[in-house]
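Sequence lines, in order, name chains F and A.
Each residue of the first sequence is one higher than the one before, counting from 1 in our numbering.
Each residue of the second sequence is one higher than the one before, counting from 115 in our numbering.
Everything labelled a hint here was simulated from the structure, so no lab data went into it.
Derived list of chain F stretches under chain A, where covered just means 3 residues or more per stretch with a C-beta under 8 Å from a C-beta of chain A: (1) 26-35; (2) 101-110.
If you want the footprint, here are the derived chain A segments under chain F, 3+ residues with CB under 8 Å: (3) 141-147; (4) 162-171; (5) 210-220.
Each residue gets a CB set at the ideal place from its N, CA and C atoms; glycine is no exception.
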Amino acid sequence: EAQVTQNPRYLITVTGKKLTVTCSQNMNHEYMSWYRQDPGLGLRQIYYSMNVEVTDKGDVPEGYKVSRKEKRNFPLILESPSPNQTSLYFCASSSSQGATGELFFGEGSRLTVL
Amino acid sequence: AQKITQTQPGMFVQEKEAVTLDCTYDTSDPSYGLFWYKQPSSGEMIFLIYQGSYDQQNATEGRYSLNFQKARKSANLVISASQLGDSAMYFCAMRGTNNDMRFGAGTRLTVKP
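All chains, full assembly: derive it from the sequences and hints.
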């Protein structure tokens, strides 16, 4: 089954404790991205990657890191989480680059930083 | 910079009636794609419909159609014959040639029986 898998789905952590949210897709997609969803703000892009070893900042990259060492994986790293990073996070992938091509989303990861 | 605006935080519609969810956008890209996604209370993001900026005809997918008015920079979603299962958050999104995908703030649709 074609899918985007995120882990963990739910996480409660404390300020400053490094964490990684993993994302993996099995559709051989070149394009992958991370979003955060907050009430009233919709989804905001954190980082995206057009292929292996190619990453770019989205609208809200501060406090986050990403890497793309393999085509299928695109982990999101919070080096020192803060309470304002409490949010619902989505990973997504797409087979097309440029303006066309729908995004396939993971199920979301709900992160709470105390 | 690209921007997506959804001005309706919430909408109500009677079951079996049609409803239009508004979306306007701003971009300097000559080529772009417009998307609508549905997010039910369970949280997953479901792709509904796509419109390319050069497409001459409005996109349709079953009960969903996209009213694309390029000169007005609007891409409204029309849902015909609403069903109770259509109650959800709806997001309009735009993707430019540089790949950045921007979403609107969303519209929460409630279908009344």
